[in-house]
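Under the UniProt record's numbering, the letters of the sequence shown match residues 1 to 60, in that order.
Since the hints were made in silico from the structure, they are not lab data.
All residues carry an ideal CB built from backbone N, CA and C; glycine is no exception.
A hint or two may mislead.
[Unchecked claim] Pairs of lysine-lysine residues, derived as DSSO-like cross-links and limited to a Cα-Cα distance of at most 30 Å, are as follows:
#, residue 1, residue 2
1, K56, K37
2, K44, K54
3, K40, K56
4, K40, K54
5, K56, K44
6, K37, K54
[Claimed, not checked] Simulated restraints, written as ranges between beta carbons of each label pair:
#, residue 1, residue 2, range
7, V10, E60, 24 to 34 Å
8, V2, K44, 51 to 61 Å
9, F7, R53, 34 to 44 Å
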Amino acid sequence: MVKTSKFVYVLILFLSIFFSIIVSNSSPGRLSFGDCKIDKDCPKLRGGSFRCRKGKCVLE
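Produce the entire structure from the sequences given, and follow the hints as far as they go.
In C-alpha cells form, the structure reads like this:
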C-alpha cells in the first residue's frame, strides 16, 4: 500500500512539473506585440523590455 501511494505521488509530481514546463514555453501566456526579426524591431517600455522570440515581440 505504501509503495502504491508513493508511486502515485511521484507520478503526480512528475506530471505537474512536465505540464508546467509545457505551459511556460507556450506563447499565449505572455504579452506579445507585433512581428520582428531582431530585438531592436520591438518597442521599448519603461519598467519592461520586449524581446524578439519566435518572430513575435514578447514582454519579458
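Outcome of the hint check:
no.	hint	verdict
1	K56 to K37	holds, 8 Å
2	K44 to K54	holds, 18 Å
3	K40 to K56	holds, 12 Å
4	K40 to K54	holds, 14 Å
5	K56 to K44	holds, 14 Å
6	K37 to K54	holds, 8 Å
7	V10 to E60: 24 to 34 Å	holds, 33 Å
8	V2 to K44: 51 to 61 Å	holds, 57 Å
9	F7 to R53: 34 to 44 Å	holds, 38 Å
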